[in-house]
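> Sequence:
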Amino acid sequence: MEGAWGQQMVSRPLSIESMDRELKPGDAGPAETTNSVLEVFQALSHPVRLEICQLLIAKKIPRVWGACEILDLKQYAVSQQLAVLRKAEIVETQRDARHVIYFLSNDKVRRILRVSIANLARPAEQADVAEIDRKQQAGGFARVR
27 MEGAWGQQMV
37 SRPLSIESMD
47 RELKPGDAGP
57 AETTNSVLEV
67 FQALSHPVRL
77 EICQLLIAKK
87 IPRVWGACEI
97 LDLKQYAVSQ
107 QLAVLRKAEI
117 VETQRDARHV
127 IYFLSNDKVR
137 RILRVSIANL
147 ARPAEQADVA
157 EIDRKQQAGG
167 FARVR
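Every number in the numbering used here is 26 more than the matching position in the sequence shown, counting from 1.
Check the hints yourself; a few may be wrong.
Quick list of simulated restraints, FRET-style, between CB atoms [what the hints assert, rightly or not]: (1) N132 with S71: 16 to 24 Å; (2) W91 with A57: 38 to 46 Å; (3) Q120 with T60: 24 to 32 Å; (4) S62 with R124: 28 to 36 Å; (5) R112 with R137: 17 to 25 Å.
FYI, nobody ran anything at the bench for these hints, they're computed from the structure.
These numbers were taken from a predicted model, which means no experiment stands behind them.
Yeah, the Cβ is synthetic: ideal placement off N, Cα and C, and Gly gets one too.
I would like the entire structure built from these sequences, with the hints used as guidance.
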């Protein structure tokens, strides 16, 4: 298969080892892998969704209404953004009596966010990431139904 500039493109699955080295043409893997990666990054590209993920990592929001207060948004707007994150399999939910608890679906997403923040954020935000890394445990926030 040829790429846009006539380069030979080879599809193969990604492995942890290939992620640890610099990517070369053809490292993207099969189309379904590329599409799932694209879906994650598209979901994370919205400022509100990215902030929600950061709040989940930092465990600063116990419930959806807490996210509404912190982000200064209505409940429906936060729920709409959470639905996009769920569709991209970035967050998952768990019911607990009257609450719906949201949490990041896996450590890979958590690592992507941490690395991005650590490398691209301002120094004050980088200090927050270091503090989060020291205290990190499974967590999330809940919504009352």
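> Each hint: holds or not?
Hint check results:
Checked against the hint of 16 to 24 Å, the pair N132 and S71 passes, with Cβ atoms roughly 19 Å apart. A hinted range of 38 to 46 Å holds for the C-beta pair W91 and A57, which are about 40 Å apart. Checked against the hint of 24 to 32 Å, the pair Q120 and T60 passes, with Cβ atoms roughly 30 Å apart. Taken as a hint, the range 28 to 36 Å holds for the pair S62 and R124, whose Cβ atoms sit roughly 33 Å apart.
One distance hint, 17 to 25 Å for the beta-carbon pair R112 and R137, holds here, with the actual separation near 20 Å.
The structure shown violates none of the earlier numbered hints.
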